[in-house]
Every structure is written in structure tokens, then in C-alpha cells.
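Protein chains in written order, with the numbering used here: chain A, 206 to 478; chain L, 16 to 320.
Don't read these hints as lab results, they were simulated from the structure. There may be inaccurate statements among the hints.
What the hints assert, rightly or not - Cβ-Cβ distance ranges computed for the label pairs, FRET-style: (1) A316/L <-> S223/A: 52 to 58 Å; (2) V282/A <-> L319/L: 47 to 53 Å; (3) N213/A <-> A316/L: 52 to 58 Å; (4) T24/L <-> R313/A: 57 to 63 Å; (5) R107/L <-> R313/A: 37 to 43 Å; (6) I340/A <-> E45/L: 29 to 35 Å; (7) T213/L <-> P271/A: 42 to 48 Å.
C-beta: ideal position from N, C-alpha, C; glycine also.
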Amino acid sequence: MIRHITTNKPARLVHTTSINKTLRILVFHHLQIARNARPGQFVQILTSIGLEPFLPRPMSVFSTQPREGTFAILCAVIGPATERLARLAIGDELPIIGPLGNVFTFPRNCEHAVLVAGGVGLPPLDFWARRLNTIKRKNPPEITLLIGARSNTERPRIAKINGVRRWWSTDDGSFGFHGNVVQLLQHLHTENRWPIEKTVIYGCGPRPMLQALQKWIIENDYPGQLSLEEMMACGFGVCSGCAVPVRPAREGYEKYKRVCYDGPVFDAREVFL
Amino acid sequence: MKTPDLRVTVAGIALANPVLTASGTCGTGEELARVLDLKKLGGFVTKSISVEPRSGHPAPRLAETAAGMLNCIGLQNVGVEQFIAEKMDFLRTSGTRVIVNVVGRQIVDYVACAQRLDRIPGIDFLELNLSCPNVQEGLDNGANPHWVNQCVSAVRTIIKLPLIAKLTPNTHDIVGLARAAEDGGADAVSAINTLLGTAIDIETRRPRLSNVTGGLSGPAIKPVALACVMKIARAVKIPVIGIGGICSGADVVEFLLAGATAVQIGTATFRRPTACLEAISQLREYLQTHKIPRVTDIIGAAKLP
Numbered sequence: 206m207i208r209h210i211t212t213n214k215p216a217r218l219v220h221t222t223s224i225n226k227t228l229r230i231l232v233f234h235h236l237q238i239a240r241n242a243r244p245g246q247f248v249q250i251l252t253s254i255g256l257e258p259f260l261p262r263p264m265s266v267f268s269t270q271p272r273e274g275t276f277a278i279l280c281a282v283i284g285p286a287t288e289r290l291a292r293l294a295i296g297d298e299l300p301i302i303g304p305l306g307n308v309f310t311f312p313r314n315c316e317h318a319v320l321v322a323g324g325v326g327l328p329p330l331d332f333w334a335r336r337l338n339t340i341k342r343k344n345p346p347e348i349t350l351l352i353g354a355r356s357n358t359e360r361p362r363i364a365k366i367n368g369v370r371r372w373w374s375t376d377d378g379s380f381g382f383h384g385n386v387v388q389l390l391q392h393l394h395t396e397n398r399w400p401i402e403k404t405v406i407y408g409c410g411p412r413p414m415l416q417a418l419q420k421w422i423i424e425n426d427y428p429g430q431l432s433l434e435e436m437m438a439c440g441f442g443v444c445s446g447c448a449v450p451v452r453p454a455r456e457g458y459e460k461y462k463r464v465c466y467d468g469p470v471f472d473a474r475e476v477f478l
Numbered sequence: 016m017k018t019p020d021l022r023v024t025v026a027g028i029a030l031a032n033p034v035l036t037a038s039g040t041c042g043t044g045e046e047l048a049r050v051l052d053l054k055k056l057g058g059f060v061t062k063s064i065s066v067e068p069r070s071g072h073p074a075p076r077l078a079e080t081a082a083g084m085l086n087c088i089g090l091q092n093v094g095v096e097q098f099i100a101e102k103m104d105f106l107r108t109s110g111t112r113v114i115v116n117v118v119g120r121q122i123v124d125y126v127a128c129a130q131r132l133d134r135i136p137g138i139d140f141l142e143l144n145l146s147c148p149n150v151q152e153g154l155d156n157g158a159n160p161h162w163v164n165q166c167v168s169a170v171r172t173i174i175k176l177p178l179i180a181k182l183t184p185n186t187h188d189i190v191g192l193a194r195a196a197e198d199g200g201a202d203a204v205s206a207i208n209t210l211l212g213t214a215i216d217i218e219t220r221r222p223r224l225s226n227v228t229g230g231l232s233g234p235a236i237k238p239v240a241l242a243c244v245m246k247i248a249r250a251v252k253i254p255v256i257g258i259g260g261i262c263s264g265a266d267v268v269e270f271l272l273a274g275a276t277a278v279q280i281g282t283a284t285f286r287r288p289t290a291c292l293e294a295i296s297q298l299r300e301y302l303q304t305h306k307i308p309r310v311t312d313i314i315g316a317a318k319l320p
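Isolated chain A (complex conformation) (with noise of 0.2 Å):
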């Protein structure tokens, strides 16, 4: 079966908020993206019309209001790409693809999601944890969010999730917990414990913090779902530019998957960081 990606319609930029220094919500409208897209999910978007910045930018899908319409990212103003996006205007449309990539997943038996987000790698992890907090069962998931950030300023400043436990990290301390999002996760373990298998833990951010976590993982005997970052071309398989090596590896070949078609989201224990 072939699932078809939209790529006639543009996105229309309907809203945007600034939530720190560097961090915007933007909010498009798109039928096709709002009604698809899936927690893990992520949207190519095309900055510009000429040729600079040449490749579109992938950008995980933050949240979807179906209803309206509507999609949003959450954007950080790092680059020529991201500032183009932080300067587009109310109506202003891009060329865009998607929903692309595969979605997170909670086994059924399961009944804790703990989610570490570190910086940037926050969006499709928030967006899973407003998903998981819908599902309706006798005993409903606890959700635990972690969010790291490197002081109170870069915090990104996002609505709470009634029914989802968050915390804090800094790496300065200015608020809440005083380290990394692992060391939290760690602290937060040694007063949890929760159940090995009636629990998933899900992590995007970073590249180092992704290894320190993938490592507390394995450490721990989770099972675990990490969400990664990769350069990418195409966004939806012909390019094969966006590689990650995976397991198993044998002499004299490595195995490499495809972050944008066979993830974005894998398996802790399939990826090498």
C-alpha cells in the first residue's frame, strides 16, 4: 500500500507566538497535515522561493488542531532558514510536504510514558504527551515529562498538559532541577522506579544527550523510542543523504537506516549515537 504524501498545498502561516529570545510557535493552516500528522511525525518546509537556502528545513510537528485546519512547529532561530520562517508574515505561504516519517508507539500493556526532551527535541515529544493523555482505559498511562533546557531565559515557556507530571532541568540550575535531563530522569528513577515492563521511555534532543540517554536505557533495562536528527535532503526516502547506522553490523558493512523514511523515531536499542 502506498500512503501519499500532499504535496500541492502550501502551508498558510495563521498565527504565530514568541515563547522566549529564540523560540516561535508557528501555527499553519493545512487540511492534509492537520488531519494526518502523528506524534514523531515531521513536515518539510521549503524557506525559501529562490535558491538560498537551497533544501527545505525538516520540522517536527509540535501540534495539530484538526478542526481548524491547523498545524503548528516550534521553531528555533538558529539559521538563514529559521530566520526567514521567524520573518514570514500573517498569510504568507510555503511550499511544504507531509506529514513524513513514523509516530511514536505505546504498547498496550504499558501504563507509564516518560518523556525526557532536551532543548529542541521538546515538540514531538509534548505532542506525544498530549496524545498519550487522550487515551481512554480503565487505568489511564502516567505521563511524566522532562524537559532540560540550558537556563531559565532558553526555557521554552509551553502551555502545561493538565494530567501530565512535568519537570524542570537546567543546566545552570536557574530553575528546577540542577543538571541535565538525564541526571533529572535519574533522580526523579531513584524515587519512581517505575515498572520495567510496564514502561517506555521516549527521548529527542540533542545528539549527547540522546547517547547519555540511550546509555541510561540499556543501564536501566527500558524499553525505549528515541526521536533523531539528521541533515536531510529529501525528507521522504530517495536520497538516502539523512543515514543512521543500526544493528546489526557485520565485518566490512555497516547497516544504515534512513532518518526521514525508516524513522524518525527507532527503537534505543537499534541506533549507534
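Place chain L on chain A using the hints.
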């Protein structure tokens, strides 16, 4: 006016229009089928296939540059046996012409891979990648006319399928390579592959590609490609397939005027997944506007001194 006739013929095989995908930019078909109807293409060119599976280079494999990009994918592919077993069923029923791109380390590898593919139904052409800048042997051999001639004739003598030789621009004499391919029995040549390039991160002082150098593609290389195609088209009798930075119908027209019988579109697909289809519509509009009944009327029709 009637709808212009977009059909072109390469090596006796009719293509619905002159726009093909370029090898290495569209995988093996299934991924691209999610964003466009393959039936509307002139043909589909697969990623390079080798006898043995190749894992490719580590990340980073891509670097964005001015009006283009560098890549050092490293010919990652599943190998010819797995390609035939897992990818051909889809391509066979895709409704478009199928060109399988073949790569090897040595001539014997090209021969073995081509021989295996020659018996497989659903393949219309083989294209020999004699020019990948991302593997050492590709650069060394592909720029040597004698080697190009040897490789093409070795494959030619053992297969029935029409053969396209894809040439490197990383040489002082691409015309010599085209003549060598023609003499070796190629039914067509395609040009150009990517230009060797690199980029350095000025903060870390490290190369931005894992393999240090990579292949430059995109609109940045279009004028170079166009000059190569023009020179080759004047020097050989076999059809030339133009490649290099083509993004629009206007670009297609330029390559056809320069003497290309067909073109391949690659990197533009990364910016706009439907770039090939947009180029086909724009080509049709150009012919309509200029009251040109057949696309073949503009092939080599540039007014050159």
C-alpha cells in the same frame, strides 16, 4: 493548436516525454511513487546498483551549498540480487520506462551486474555509472577514455539491453569520454554526473562531509552541464541525455536546444518532489506558446555560431 507531441526516441525505445529522473535522487521508485505518478515520467532511473551490497559512507553525507548541495552517499545499495528480488516487481508495473543504473569497482563487476539484469523482464535500459566522484575507483577510471571504452564494450558484448554511459565532468576532456563510449558501443551517453567539491565548517575547521569531498549538484552546476552537453552532442552521433541542475521546463528546453534528446532531473526533486512533473507541464506550455508541434523539433536547434 493540438497538444504538442512530447515523445522522443532513445536507442529505438520511445519515451512518453524527454524527462527522466536522475540516478541516486529517486531511490528505487516506491518512495517517489508516494509523491508523484511515475506513469507521467519519460522514464525512471534507479539508484546505482552493484553486484555486492554497499553500505555507503557515514553521516554527514550532505552539505547545503549556494544554489545546490554536496553529497557523499557512497553508492549505498542493496546489491543486484536483493534489488531484483525486492524492487523489480514494483518497477515492472510502474507504467514508465525503467533504466537501471549499474556501478562496479572493476570492469568485471559492471559485466557481472549487467549480465544479471539483462535477463530480467521490465528493464528498458541499463545506464553505466562511469563517474561517481564519491568512490576512489570512480574518479580514477571514469576520467580515462581507454577505461571507459573497455568497460562499455565489455558490457556491450554480453548484454542485449540498450546501454547508456553516464560520464564524469571531472576531466579536461568529456568529449573524449563520450567518443570512447560511442566507440565502445554505447547506445547513448548521459552527462553530467556531479562535480567534485568540498565544504569546510569554519568553526570546527572540519570538512562538512564525512568523506571530505563529495559531488556538487543543483542549479549551481547547470551552465557547466549545458556546455558539456553541447560539446558532446556536436561530437557524437548517439543521443545525449542531459543532466545537471535542471529545475524547470525552461531548463529542459535549454538542454534540448543544446542537443540533448532527453534530460534527467535529480536534485530539484529534493526541493520540490514533483519537480519532474512541473518541468514536463512547463515544457508542454513552451511548445504550445511557440507553436512547435513536436518536442523533437527543438533538439539541437540552438542557433550556434
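Outcome of the hint check:
{"no.": "1", "hint": "A316/L <-> S223/A: 52 to 58 Å", "in the structure": "holds (55 Å)"}
{"no.": "2", "hint": "V282/A <-> L319/L: 47 to 53 Å", "in the structure": "holds (49 Å)"}
{"no.": "3", "hint": "N213/A <-> A316/L: 52 to 58 Å", "in the structure": "violated (32 Å)"}
{"no.": "4", "hint": "T24/L <-> R313/A: 57 to 63 Å", "in the structure": "holds (58 Å)"}
{"no.": "5", "hint": "R107/L <-> R313/A: 37 to 43 Å", "in the structure": "holds (40 Å)"}
{"no.": "6", "hint": "I340/A <-> E45/L: 29 to 35 Å", "in the structure": "holds (33 Å)"}
{"no.": "7", "hint": "T213/L <-> P271/A: 42 to 48 Å", "in the structure": "holds (46 Å)"}
Taken one by one, the earlier hints fail for this structure only at number 3.
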